[in-house]
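If you want the building blocks of each chain, they are given just below.
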Amino acid sequence: MSDTQFQLVMDVASPPVHNPDEMRSVLEAVLFAASEPISLEQFQQLFDDASTWQIRQQLMQLRDEYHETNRSFQLIEIANGFQICTHAEYHPWIQKFHTRQIRVKLSASALEALAIVAYKQPVTRSEVEEIRGVNSDSVLNSLIEKRMVRIAGRKPGPGRSLLLATTDEFLEQFGLKDLSALPSLEEIEEILNREDPE
Amino acid sequence: MSDTQFQLVMDVASPPVHNPDEMRSVLEAVLFAASEPISLEQFQQLFDDASTWQIRQQLMQLRDEYHETNRSFQLIEIANGFQICTHAEYHPWIQKFHTRQIRVKLSASALEALAIVAYKQPVTRSEVEEIRGVNSDSVLNSLIEKRMVRIAGRKPGPGRSLLLATTDEFLEQFGLKDLSALPSLEEIEEILNREDPE
Amino acid sequence: MRPATSTTTPQSVKPIYAIKLDVFEGPLDLLLHLIQQNEMAITDISIAEVTEQYLEYLNLMELLDLDVASEFLVMAATLLHLKSQIILPTKDADDSYTFRDREELVQQLLEYKQFKDAATTLEYYATDHEKVYGRSIDPTADVEDTREVQIKATLFDLLSAFKYITEQEFLADDYYEEIQEEPVTVEEKMEFLEQRLESGEQIRFDELFSEFASKLDRIVTFLATLELIRLERVVAVQSGHFDSIYLIKRDP
Chain A
1 MSDTQFQLVM DVASPPVHNP DEMRSVLEAV LFAASEPISL EQFQQLFDDA
51 STWQIRQQLM QLRDEYHETN RSFQLIEIAN GFQICTHAEY HPWIQKFHTR
101 QIRVKLSASA LEALAIVAYK QPVTRSEVEE IRGVNSDSVL NSLIEKRMVR
151 IAGRKPGPGR SLLLATTDEF LEQFGLKDLS ALPSLEEIEE ILNREDPE
Chain B
199 MSDTQFQLVM DVASPPVHNP DEMRSVLEAV LFAASEPISL EQFQQLFDDA
249 STWQIRQQLM QLRDEYHETN RSFQLIEIAN GFQICTHAEY HPWIQKFHTR
299 QIRVKLSASA LEALAIVAYK QPVTRSEVEE IRGVNSDSVL NSLIEKRMVR
349 IAGRKPGPGR SLLLATTDEF LEQFGLKDLS ALPSLEEIEE ILNREDPE
Chain C
397 MRPATSTTTP QSVKPIYAIK LDVFEGPLDL LLHLIQQNEM AITDISIAEV
447 TEQYLEYLNL MELLDLDVAS EFLVMAATLL HLKSQIILPT KDADDSYTFR
497 DREELVQQLL EYKQFKDAAT TLEYYATDHE KVYGRSIDPT ADVEDTREVQ
547 IKATLFDLLS AFKYITEQEF LADDYYEEIQ EEPVTVEEKM EFLEQRLESG
597 EQIRFDELFS EFASKLDRIV TFLATLELIR LERVVAVQSG HFDSIYLIKR
647 DP
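Protein chains in written order, with this note's numbering: chain A, 1 to 198; chain B, 199 to 396; chain C, 397 to 648.
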């Protein structure tokens, strides 16, 4: 959510803040939920009568608390505001985690080709190409590489083209018990031709 | 985050982890940099030889640390994973600050159908229709489209109707740890009596 | 909802009905509402009373020109039948096999109420959970930008793709019947698209297929787009499910 907007809605009632500890907790919660730096002036609008000096004091205490309790994140001043960020030393881990998260990325054309293989299997490359109307070699190769599609033998007769079929990983990816669990064409119509009930 | 997602294994180097404290710091940094719940299995892929039990132990310690140091946020178990979230009491202040991520809005009839799927899963369309006493196709399709409900195979026997079940997104939307966290029918009565004293 | 313009609205219909009408999810919901309004127990309904009020509702729905779903009419028939059974004790057992008996209706109402309550409870859960905030970060920030279509593909996506293909085939069939259009080649269209993208412009995928374009033009545009993507000269980007797809020129 990069497009978080700072929308100050002043008529929303919030409970009064009575002491520095409460103020610090509120500041922490707001910082935590924000995706962009927040300025002292923006913080100030949260409280009825707090000076920017008082607010800064509490922010500095938060910063010290994170430091003392060895948190993996820190409070930094950036772009005329404050923000909570992870320490740079954890970057390789976060990077690794996100990279690991890269799911099989199926482009719209890959999905199309995969749907054809799933429903028409075993099927040759040229049959897929014929249905899609465009050369599908690279997209089929990429599906084989991603282990969604496998080579399932050769077509008898002249040419002996390779036959393609789906894999167990395909079933797993789409949560299907077996191929017979693929919805029929009528069921597809039923599922996709909805009238919006709202 | 869904366990059915097929993941590419990438060779991204990350420094080795030597002790529980280091592991806990890495877990915290990764949790902090994520906007979705993370499962134990996902965490496990970060470390060469850590058991899910060891990871859970460190997560529990993190949770306790946040509690003991009166942080405004907490570590919660949700949608078969873990996530850091603010405490509900800071909602009024955070609300002033940002327009939140748009949650899935469900109509009363969608909620009704969803409740039936949640409690009776796996369930067929016609079973839902029977309980509601009204055709539920369009409302179920809209739930599938909103990723609250998924197709979970076929019923054995004649007809082989499609079976419906709830998704991880459903758990996330309703703040549930897993399906076993759904309130029992007795608890529902208790909750309704509490919320609606007559 | 449209206001009742008819002057023939029966006196027995209270105005509150009109406000409540559009919120009934089905015949069971309406029946449950009547039972609660009359402070009856589900297991001890006065069929005569409930039937009368139920019919009043249907009457009102018709007066307001509301679409009365067939399920509401089926329920009316069931209620009338149950009522007649009370007045005239059953003489012919065969006659009632198409209708539910009272016990069955009670069971259905009890079960329905259970799930209606569960739905209300789920709503409380959602409302509670709405008050907690996770980190609202851009998950792609600070991670290598792969600039590929990142679809978390599900069965639903696969189905949509398949339906799309079948529709395309259909479209192509139509086209062959009327070939008198002026020919635009795929190559020409590719060149045209690349020129547009050269300036750094992003093109929304569906905007390519303006309703004024001929069928042939739309097919050629579609093929040209696919070809440009295949040749990796253009990339299609979608930030999430059901978001618009944009075409962007790939960096050389």
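Watch out, some of these pointers could steer you wrong.
Below 27 Å or equal to it, Euclidean Cα-Cα: the simulated DSS-like pairs (lysine-lysine) are [to be verified]:
#1 C/K509 / B/K303
#2 C/K509 / B/K294
#3 A/K96 / A/K177
#4 B/K303 / B/K344
#5 A/K177 / B/K375
Just so you know, these hints were derived from the structure itself, not from any lab.
A quick look at each hint next to the structure:
Between C/K509 and B/K303 the alpha-carbon distance is near 22 Å, which keeps this suggested pair within the 27 Å criterion. Restraint check for C/K509 and B/K294: not satisfied, since their Cα atoms lie roughly 38 Å apart, outside the 27 Å limit. The straight-line distance between the Cα atoms of A/K96 and A/K177 is roughly 31 Å, outside the 27 Å bound, and the hint therefore fails. Restraint check for B/K303 and B/K344: satisfied, since their Cα atoms lie roughly 9 Å apart, inside the 27 Å limit.
Proposed proximity of A/K177 and B/K375 is supported: the alpha carbons are some 25 Å apart, at most 27 Å.
Hint compliance for this structure: hints 2 and 3 are broken, all remaining hints hold.
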